[in-house]
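If you're matching them up, the sequences are chains A and B in order.
Anchor point for the first sequence: position 157 equals 157 in my numbering, and the numbering is continuous, going up by one each time.
Numbers given in my numbering equal positions in the second sequence, counted from 1, plus 1000.
Among these hints, one or two may not hold up.
Unchecked claim - Below, a sample of chain B positions facing chain A; criterion: calculated Cβ distance under 7 Å:
| id | residue |
| --- | --- |
| 1 | A1017 |
| 2 | L1050 |
| 3 | N1051 |
| 4 | A1064 |
| 5 | R1065 |
| 6 | E1134 |
| 7 | G1245 |
| 8 | V1252 |
Quick caveat, the hints were computed from the structure, so don't treat them as lab data.
Every residue, glycine too, gets a C-beta built ideally from N, C-alpha and C.
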Amino acid sequence: MATLQPAHASLGADASTSAASIPSAGLRARHPVLVRITHWIFTLCFFALLLTGIAILTSHPRFYWGETGNDLTKPWLQIPIPASRDLVPTGYHFILPDENGWSRALHFEAAWIVVFTGLLYGLFGFFAGHFRKNLLPTGAHLSWRSLSAAIGSHLKFRRPPQHEAWSYNVLQRLAYLFVIFVLFPLIVWTGLAMSPTFTAAFPSSVILLGGKQTARTIHLLASMALVLFLAVHILMIALAGFWSRTRAMITGRADAFGPPMERP
Amino acid sequence: MTDTSRRKLILGGLAAAAGVAGLDVAARLAEKYGLVPPDHGGIYGPGETLNYAFQRVFARHSLAREFPSSMISARPFPNEIAPPSDAFKHLQAGGFADWRLTIDGLVDRPAAFSLDQLRSFPRNSQITEVSCEEGWSYVAQWTGVRLSHVLNLAGVRPQARYVVYFSIEPEWWDSIDIDEAMHPQTFLTYGMNDNDLPVGNGGPLRMRVPRQLGYKSVKFLTHLTVTDDIKRFGKGLGSAAPEGGYAWYAGV
């Protein structure tokens, strides 16, 4: 576990602060203000989208592949919950309250906010070097030794070493990159591919996926993957120190005791 | 107060003022170019407006996807409908011979058309998908006359902005903007899959708006009104749907 080498350039929040990477006691800048603001906007929107998404899916908790699917066709997946509508053959003898109206409105409003915020974050990520400096794994990160060490320590739920308050570890980087560049675009794309107007204007958006119901099913799977990410994210934060990590994401500052590359 | 914080305060104030002025200009432009839906108020108004404005800017003339006949669903799912009213049952008993579609409002020649008259107009077909807000969908071949054809017969006046349409069943009405009404795929539908339109799917006459979700395709159509003032109808939100919490613009 002693081999993990945090890159000096990625210690601080940005290049200017990391240049003088000799830490002193007290609090030091950790997260740039744009990352913090967008993080909490994403957090709010994530829960809005998740709760309303669940409300929307209860009106038809059946999922299909291909273009079409309805109560008269065989689902690929039926989530074992009662539906909020009468006709859905769920096997339950009662229906849940129907909250689709406001749920859809809030879902789309939160989706717009997420897309605008995502554009802002993406521009910052590319042009301020956040992706390259803080998220892109280095060659050293990707060596088998480093990877297996990181996986091993995660599997043992070890509290991360102090320097990880200052730099993302390799699994963290890969997970964040996967969320930012795979799951996020995928869930936006599959969401749009369900819209009859959007697909009228851009038919290839749904044809490439293989149909509207496929888009809906992938949307569900991507949301499940995001929920899994959230669970692991919170677990890891709890392991590393919930309040110190959360405070760092709110105030932008983290404890700076001990040298940041101190090895366990 | 230091110079820096004063400068920040002044700059912040200017930025806020510019922001408010910018929003005001944006709102006026949006109104001018018809980007604002009737149900633009409330906390979900910004999202509804963005959805509708996106359609107006990027998809105004685009066509709903059409499918090969091999993709027509074997069993077109008739969604749940309330038990038919006496008025409907009465007309049904007569084989819908007395069914009328009336058109009034901002038209030069208000009219009432029987189903046979509608069938005598140029017949069009489309194989398109019905997508429900619940998530399910099916594909069918829909046959009817373009709404634009009937509107042109009645002579729509230039100031018309919306077409409001009503089901024979109570509290079931909706509206679309004039561009959607004139869109070549917006049909007054009387046939499905080479047969008469079944009652379960909206027969004898159903509005078909394939670029929007199923609930815009109101069943059992009897009345159309052309208007420039959507606020006069119901609670002024454009249709019965927003009164129940659903979006007026249902393209998403």
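Legend entry - Non-conforming hints, listed in increasing numerical order: When the structure is compared with the hints, only number 1 turns out to be violated.
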